[in-house]
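Single-letter residue listing:
Number of protein chains: 2
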Amino acid sequence: MKIKPKYFDDFHIGETFETEPNLISKDEIIDFASKYDPQAFHLDEEAAKNGPFGQLTSSGFMTLGKSFTQIFNTDVFNGSSMGAWGLDELRWTKPVYPGDTLKTKVEVLEKKLSSKPNQRDRKVKTNCFKSKR
Amino acid sequence: MKIKPKYFDDFHIGETFETEPNLISKDEIIDFASKYDPQAFHLDEEAAKNGPFGQLTSSGFMTLGKSFTQIFNTDVFNGSSMGAWGLDELRWTKPVYPGDTLKTKVEVLEKKLSSKPNQRDRKVKTNCFKSKR
Numbered sequence: 001m002k003i004k005p006k007y008f009d010d011f012h013i014g015e016t017f018e019t020e021p022n023l024i025s026k027d028e029i030i031d032f033a034s035k036y037d038p039q040a041f042h043l044d045e046e047a048a049k050n051g052p053f054g055q056l057t058s059s060g061f062m063t064l065g066k067s068f069t070q071i072f073n074t075d076v077f078n079g080s081s082m083g084a085w086g087l088d089e090l091r092w093t094k095p096v097y098p099g100d101t102l103k104t105k106v107e108v109l110e111k112k113l114s115s116k117p118n119q120r121d122r123k124v125k126t127n128c129f130k131s132k133r
Numbered sequence: 001m002k003i004k005p006k007y008f009d010d011f012h013i014g015e016t017f018e019t020e021p022n023l024i025s026k027d028e029i030i031d032f033a034s035k036y037d038p039q040a041f042h043l044d045e046e047a048a049k050n051g052p053f054g055q056l057t058s059s060g061f062m063t064l065g066k067s068f069t070q071i072f073n074t075d076v077f078n079g080s081s082m083g084a085w086g087l088d089e090l091r092w093t094k095p096v097y098p099g100d101t102l103k104t105k106v107e108v109l110e111k112k113l114s115s116k117p118n119q120r121d122r123k124v125k126t127n128c129f130k131s132k133r
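Top to bottom, those sequences are chains A and B. Mind the numbering: the first sequence is residues 1 to 133 in the working numbering, read in order. Mind the numbering: the second sequence is residues 1 to 133 in the working numbering, read in order.
A couple of the hints might just be wrong.
As the list claims (entries may be wrong) - As a list, the in silico DSBU-like pairs of lysine-lysine whose alpha-carbon atoms are at most 30 Å apart: (1) K105(A) <-> K116(A); (2) K123(A) <-> K2(B); (3) K112(A) <-> K6(B); (4) K49(B) <-> K35(B); (5) K94(A) <-> K111(B); (6) K105(A) <-> K94(A); (7) K35(B) <-> K105(A); (8) K6(B) <-> K123(A); (9) K2(B) <-> K111(B); (10) K26(A) <-> K49(B); (11) K116(B) <-> K26(B); (12) K35(A) <-> K103(B); (13) K123(A) <-> K4(B); (14) K94(A) <-> K6(B).
FYI, nobody ran anything at the bench for these hints, they're computed from the structure.
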């Protein structure tokens, strides 16, 4: 789903949108883990069998980046984003396995003026979840 | 700096440690952005000149993964981690440019029993900062 790029005034509190889905592959999980989260249960299929999830799982940092990219690819922030100041209450609630399909739902929670001149803040709730295969 | 892997009882509130530094390269910034954060100011050196930072900057998701990997590479959680439930109050306070060197300081803030059997939680504050070149 593509969305026309939005600026501050275009966001309305309570509005929601959903992204396109992406399939998560074993190769991507292992490639990401080797650089950014080299825990055995993200990196090594054999070792992961004895790990906390009993099988290989994606790094939560990877699903965070995938989810953001899904949102970005709707074009909603394309050209209008000035970068993010941070994240609050990030929770990884379910393990993500090779072959899972993820998509992201976004809800606009809050809009406020920034302390920086010419910048405005919008706070969104994003929920990245497994969709039906 | 290597640390002997620690379990719940080995962490003490208030203890701190620092990681080894890593140099952040332009190639890594662009490669990461192409997959996990394709905003122009992380992905395209020319376009970034007209962006909010005036030059190419690293994705904050990349520095998050780098910082975690720095911590992991101390061995402190090696074999003892059962995965993370989330992150609170993540703040990206300064842009990270190609050629910057980052390292991470960790402080143990809190220890508590988990609601899950056989699991225990420790909450740490991590601060990833630019070190002198």
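A quick look at each hint next to the structure:
1. A C-alpha spacing of about 28 Å is found between K105(A) and K116(A), which places the hinted pair at or below 30 Å, so the restraint holds.
2. For a cut-off of 30 Å, the pair hint linking K123(A) to K2(B) is broken: about 39 Å separates their Cα positions.
3. Note on K112(A) and K6(B): the hinted pairing is violated, with a Cα-Cα distance of about 43 Å set against a maximum of 30 Å.
4. With a C-alpha separation of about 21 Å, the suggested pair K49(B) and K35(B) falls inside the 30 Å cut-off, and the hint holds.
5. Proposed proximity of K94(A) and K111(B) is supported: the alpha carbons are some 23 Å apart, at most 30 Å.
6. Distance check on the hinted pair: K105(A) and K94(A) sit about 16 Å apart at the alpha-carbon level, within 30 Å; holds.
7. Restraint check: the Cα-Cα separation between K35(B) and K105(A) comes to about 19 Å, which is no more than 30 Å; the hinted pair holds.
8. For the hint linking K6(B) to K123(A), the alpha-carbon distance of about 37 Å lies beyond 30 Å, and the restraint is violated.
9. In summary, the hint linking K2(B) to K111(B) is supported, as the alpha carbons are separated by about 22 Å, within the 30 Å threshold.
10. Proposed proximity of K26(A) and K49(B) is contradicted: the alpha carbons are some 36 Å apart, above 30 Å.
11. At most 30 Å may separate the alpha-carbon atoms for a hinted pair to count; K116(B) and K26(B) exceed this at roughly 42 Å.
12. Between K35(A) and K103(B) the alpha-carbon distance is near 16 Å, which keeps this suggested pair within the 30 Å criterion.
13. Proposed proximity of K123(A) and K4(B) is contradicted: the alpha carbons are some 40 Å apart, above 30 Å.
14. Taking the CA atoms of K94(A) and K6(B), the gap is about 25 Å. The hint holds against a cut of 30 Å.
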